[in-house]
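Top to bottom, those sequences are chains U and H.
At position 172 of the first sequence the residue is numbered 172 (our numbering), and the sequence of numbers has no breaks.
At position 105 of the second sequence the residue is numbered 105 (our numbering), and the sequence of numbers has no breaks.
Hint data in this document are derived by calculation from the structure and do not stem from the laboratory.
Take the hints with a grain of salt, since some may be wrong.
To be verified - Pulled from the structure, derived: some chain U residues nowhere near chain H, Cβ distances all over 10 Å:
#: 1; residue: D144
#: 2; residue: I177
#: 3; residue: S256
#: 4; residue: Y328
#: 5; residue: G345
#: 6; residue: K356
What the hints assert, rightly or not - Mimicking PhoX-like on lysine-lysine, the simulated pairs with C-alpha atoms at most 25 Å apart in a straight line are:
#: 7; chain 1: H; residue 1: K348; chain 2: U; residue 2: K113
#: 8; chain 1: U; residue 1: K176; chain 2: U; residue 2: K310
#: 9; chain 1: U; residue 1: K330; chain 2: H; residue 2: K154
#: 10; chain 1: H; residue 1: K382; chain 2: U; residue 2: K356
#: 11; chain 1: H; residue 1: K154; chain 2: U; residue 2: K374
#: 12; chain 1: U; residue 1: K303; chain 2: U; residue 2: K322
#: 13; chain 1: U; residue 1: K322; chain 2: U; residue 2: K310
#: 14; chain 1: H; residue 1: K154; chain 2: U; residue 2: K152
#: 15; chain 1: H; residue 1: K322; chain 2: H; residue 2: K201
#: 16; chain 1: U; residue 1: K152; chain 2: U; residue 2: K113
#: 17; chain 1: H; residue 1: K25; chain 2: H; residue 2: K13
#: 18; chain 1: H; residue 1: K38; chain 2: H; residue 2: K221
#: 19; chain 1: H; residue 1: K382; chain 2: U; residue 2: K139
#: 20; chain 1: U; residue 1: K139; chain 2: H; residue 2: K348
Note that beta-carbon positions come from the ideal geometry of N, C-alpha and C, so glycine has one too.
Here's the letter readout for the chains.
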Amino acid sequence: MQNIRNNNPQEDEFISSLKNVLKEHSRVRSLRYFINQTRRWYWKLQTGQITDRVVVLGTAVPEELIMAAGVIPFRILGGSRSSCTWSDDLVPRDTDPVSRSVLGFVQQIPAEKDLLYIIPTESDSMRKTAYQLSLEGRKVFPVDIPPIREDKNALDKWTQQMYRMMEVTAEHVHGKITAASLQAAVRMTSRARICLHEFILMAPEYDSFLSPSARLIIQNSYYYAEDPETWTLKLRELMRELRRTAIQMGHSQNRSPRVLLMGSPLYFPNDKIPRLLNDAGLCIFRQEDAADNIQYIIPKIGKDRRNLKKMIRTVAGEWYRKDTSCVYLKNEVMRRRVRALGASGQIEGVVFHVLKGQIGQDFELAFYEELMEKYSLPVFRLETDYQYQDVEQLRIRMEAFSEMLSQNRVERKVV
Amino acid sequence: MNAADLHEQEKRKRQEERFRNKMTKTSARYLRRMEELKGAPDSLAPFLQTLRRVYLEMENPLADQEKPIVGTYCVMAPQELIYAAGAVPVKLCSGSYTAFSIGDDIVPRDACPLVKAVAGFQDMELMPIYRDCSLMAVPITCDCKKKIVELLEKTHDVYPLQVPVSREDEDVDQYVEELYGFMDRLEELTGREITWDHLAKGMNIVGRSRYELSRFLELKKSMPYLMKGTHILAVMNAAAYLPADVWAGYMHELNEELTVKVRERQRAVSRDLPRIMVTGSPLVFPNMKIPLLIEEMGGILAADETCMGERGMSDPAVVVDKSFDGMIRALANQAVRPCSCPTFVNNKERIFRIRQMIEDYRIQGVIYHVLRGCLVYDFEYKLIEEELGRMGIPVIRLESDYNEEDVEQLRIRIEAFIELIKLKEQNNGNVQAGRNEGGM
Numbered sequence: 001m002q003n004i005r006n007n008n009p010q011e012d013e014f015i016s017s018l019k020n021v022l023k024e025h026s027r028v029r030s031l032r033y034f035i036n037q038t039r040r041w042y043w044k045l046q047t048g049q050i051t052d053r054v055v056v057l058g059t060a061v062p063e064e065l066i067m068a069a070g071v072i073p074f075r076i077l078g079g080s081r082s083s084c085t086w087s088d089d090l091v092p093r094d095t096d097p098v099s100r101s102v103l104g105f106v107q108q109i110p111a112e113k114d115l116l117y118i119i120p121t122e123s124d125s126m127r128k129t130a131y132q133l134s135l136e137g138r139k140v141f142p143v144d145i146p147p148i149r150e151d152k153n154a155l156d157k158w159t160q161q162m163y164r165m166m167e168v169t170a171e172h173v174h175g176k177i178t179a180a181s182l183q184a185a186v187r188m189t190s191r192a193r194i195c196l197h198e199f200i201l202m203a204p205e206y207d208s209f210l211s212p213s214a215r216l217i218i219q220n221s222y223y224y225a226e227d228p229e230t231w232t233l234k235l236r237e238l239m240r241e242l243r244r245t246a247i248q249m250g251h252s253q254n255r256s257p258r259v260l261l262m263g264s265p266l267y268f269p270n271d272k273i274p275r276l277l278n279d280a281g282l283c284i285f286r287q288e289d290a291a292d293n294i295q296y297i298i299p300k301i302g303k304d305r306r307n308l309k310k311m312i313r314t315v316a317g318e319w320y321r322k323d324t325s326c327v328y329l330k331n332e333v334m335r336r337r338v339r340a341l342g343a344s345g346q347i348e349g350v351v352f353h354v355l356k357g358q359i360g361q362d363f364e365l366a367f368y369e370e371l372m373e374k375y376s377l378p379v380f381r382l383e384t385d386y387q388y389q390d391v392e393q394l395r396i397r398m399e400a401f402s403e404m405l406s407q408n409r410v411e412r413k414v415v
Numbered sequence: 001m002n003a004a005d006l007h008e009q010e011k012r013k014r015q016e017e018r019f020r021n022k023m024t025k026t027s028a029r030y031l032r033r034m035e036e037l038k039g040a041p042d043s044l045a046p047f048l049q050t051l052r053r054v055y056l057e058m059e060n061p062l063a064d065q066e067k068p069i070v071g072t073y074c075v076m077a078p079q080e081l082i083y084a085a086g087a088v089p090v091k092l093c094s095g096s097y098t099a100f101s102i103g104d105d106i107v108p109r110d111a112c113p114l115v116k117a118v119a120g121f122q123d124m125e126l127m128p129i130y131r132d133c134s135l136m137a138v139p140i141t142c143d144c145k146k147k148i149v150e151l152l153e154k155t156h157d158v159y160p161l162q163v164p165v166s167r168e169d170e171d172v173d174q175y176v177e178e179l180y181g182f183m184d185r186l187e188e189l190t191g192r193e194i195t196w197d198h199l200a201k202g203m204n205i206v207g208r209s210r211y212e213l214s215r216f217l218e219l220k221k222s223m224p225y226l227m228k229g230t231h232i233l234a235v236m237n238a239a240a241y242l243p244a245d246v247w248a249g250y251m252h253e254l255n256e257e258l259t260v261k262v263r264e265r266q267r268a269v270s271r272d273l274p275r276i277m278v279t280g281s282p283l284v285f286p287n288m289k290i291p292l293l294i295e296e297m298g299g300i301l302a303a304d305e306t307c308m309g310e311r312g313m314s315d316p317a318v319v320v321d322k323s324f325d326g327m328i329r330a331l332a333n334q335a336v337r338p339c340s341c342p343t344f345v346n347n348k349e350r351i352f353r354i355r356q357m358i359e360d361y362r363i364q365g366v367i368y369h370v371l372r373g374c375l376v377y378d379f380e381y382k383l384i385e386e387e388l389g390r391m392g393i394p395v396i397r398l399e400s401d402y403n404e405e406d407v408e409q410l411r412i413r414i415e416a417f418i419e420l421i422k423l424k425e426q427n428n429g430n431v432q433a434g435r436n437e438g439g440m
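Could you put the whole structure together from the sequences, leaning on the hints where they help?
Written as structure tokens, this is what we have:
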């Protein structure tokens, strides 16, 4: 970590957050790899060393289809308060912080660099960000996600987009997409996602060893991994280490109220929400958002593994059917999942995180409030942005929510 | 019925009464101000009467058509198809402050006022024009429109249309497919198969209204002070609630009257006023505060580049291939290719259109209207501002909502803007005079 200079606010934000997490987890040796991956991502952005020449903004694109061309896409997810300042003059006041931060990061990459920007137009802001970048002379490929899943042609429309995206990518990087290359990419990403899923399920049990910020870094690092194979191995190693440490230290299960954290996706270094939840004595039992949804997307290409077209269709279909971003008229996949979780009795409340300006999330909230009422589960709407001015106010509200959940427990016991 | 239910019922009744009172009062006030603006042609009366019927008398002007009514929430749902199916279209976007205040409690705080008004009308179920819709077509052009579908589905049959984000050939092909899907749904609704003849007839009905509009635009171009912009907006807003042939008939009358006025050089105003164009979020009745302020403060609204104005109706469908598929393709082309809606990723069309309108109507200043929460328009402001800066046209961004709280602030800004244009013109005049003198 010594080779990073703290010479600008963004670097300071990124690096100090990473340092804090590292300091808090000095005993968890396997965490270093994930911290280093995040740091390397940042270093690449700063130095412009994006070797594979394909940049993907956001998470809403199946990376295996890009990787089939022999490249690992450079993902820009947002999450940085200080990168928002780079885009302040370019976007309207009400733009959501994710788009602001993404655009701010991109502004640090010289426009003349020969990069292909793949931009899923999942919101109004991202659509207009694509326009902004194309005006700067950058090579942009907007990916249009069909919002009407019930439309019988929706999957075809999406698959056609994916074909076009692959063609453009292959042409840009002078790569060749074959059935074998796609098969390898699918296998590699699927293994990583299965492992991520396993980690997400087990992490809440080990939260005395792994803070929510560290979990966020690990989960996000899936998108920053330079080599998904190594990333998977390292995550397995980390899980083994956690289990081993838990046995050695006689770890007992977390008794804090268990909540589901959902809504706007969380990206490091914006770890404000998980930290606040932790401080308020709440256990994030599950996190359901569009970024972590990747853990569920495992295309089954068994029969089609020699047929490139069929394989692309399978991958695109799996992704389209299971995507939980707010781009759809109704986010049925997420609703089904949350309904099942509510009915299971495993959670005691829901924290619905809305980043200011993400209007799609706010529209979805009404459904979850109604749904959770059926299971007598309180829903806490938490609206915030990447700034820290509201932290104390949120802390007070979160503590009150935590107390309410504890009180509910007592009342349930009495009944 | 128990006491609690009775109480609820009475509460609702009172709320409905309040809604009616408030809405009719607000609409009456704006209608009166529009009528009081001097220089209105006589043929404007039926257009104002239409707005009166919808918003004051709370009638449905389409009720006598005895056909299924299809509501649309964007100009990208082709009216031609609706007529071809034997139904009649109505544009449902509204500028009602009262419906907005009801909708404010239903949809998220940051949703745009237009969507809040939609939610408010839907909740109250009092406006016949909304209540009588057998189907609502919602082209998905922004995040709010996307999410409003689910809300509308609670009371109506809704057909969402996916609008492509680009205008490439593949995107138009995709929209053609979308229109075929819409056509199937319309056939299901009316029980009438859309044949070549039906489609041709539908295109003729709409075509005639577009022809009358093009005549009107030509007249307007030939004489910039022919009619006040607020009155033109009344004409365009009335088109939302009238069958295209009826509206075309009224337009014909208006055009005849204006032709005489052009011939006799009769202007709506006696002196040259600063010519202002409005672009950005739509101006929908009764939200007429900005056009009224412009014209009450001594300017003239010479053009509007909004989807409720010329943009929504000015581009005709150009049929190259007269087959059925060719006609559907013409409708898809008409909806997608020339459209300057910021829903598209690349929207250079809007800059071209604005430049063209500035030239056609000899515009001296541009007001960029942003409805609070309308992010797509807000995003394009910077670009338009830069372009207008290059052209030497002053521009201001006015952000507003569906209420009257900001009227005084808007008044001051518009007044200052008009003064600025006058001063600029004066300076230009002085410079020109100086040059002429120097030349002599």
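Consistency of the hints with the structure:
1. D144: Non-interface label fails for D144(U): nearest chain H Cβ at 5 Å, not farther than 10 Å.
2. I177: Holds, because the least Cβ-Cβ distance between I177(U) and chain H comes to about 20 Å, which exceeds 10 Å.
3. S256: holds, 30 Å
4. Y328: At about 8 Å from chain H, Y328(U) fails to clear the 10 Å cut-off, so the statement is violated.
5. G345: Correct as stated: the minimum Cβ-Cβ distance to chain H is 28 Å, above 10 Å.
6. K356: Given a closest Cβ separation of 8 Å, the condition is violated.
7. K348(H) to K113(U): OK: K348(H) and K113(U) at ~24 Å, within 25 Å.
8. K176(U) to K310(U): holds, 17 Å
9. K330(U) to K154(H): Distance of about 13 Å is within 25 Å: holds.
10. K382(H) to K356(U): holds, 21 Å
11. K154(H) to K374(U): This hinted pair holds, its Cα atoms lying about 19 Å apart.
12. K303(U) to K322(U): Holds. K303(U) to K322(U) sits at ~20 Å (cutoff 25 Å).
13. K322(U) to K310(U): Roughly 18 Å between the alpha carbons, so the hint for K322(U) and K310(U) holds.
14. K154(H) to K152(U): holds, 22 Å
15. K322(H) to K201(H): Since the Cα atoms of K322(H) and K201(H) sit roughly 13 Å apart, the hinted pair holds (cutoff 25 Å).
16. K152(U) to K113(U): violated, 40 Å
17. K25(H) to K13(H): Roughly 18 Å between the alpha carbons, so the hint for K25(H) and K13(H) holds.
18. K38(H) to K221(H): holds, 20 Å
19. K382(H) to K139(U): OK: K382(H) and K139(U) at ~21 Å, within 25 Å.
20. K139(U) to K348(H): holds, 16 Å
In the structure shown, a violation is registered for the earlier hints numbered 1, 4, 6 and 16, in ascending order.
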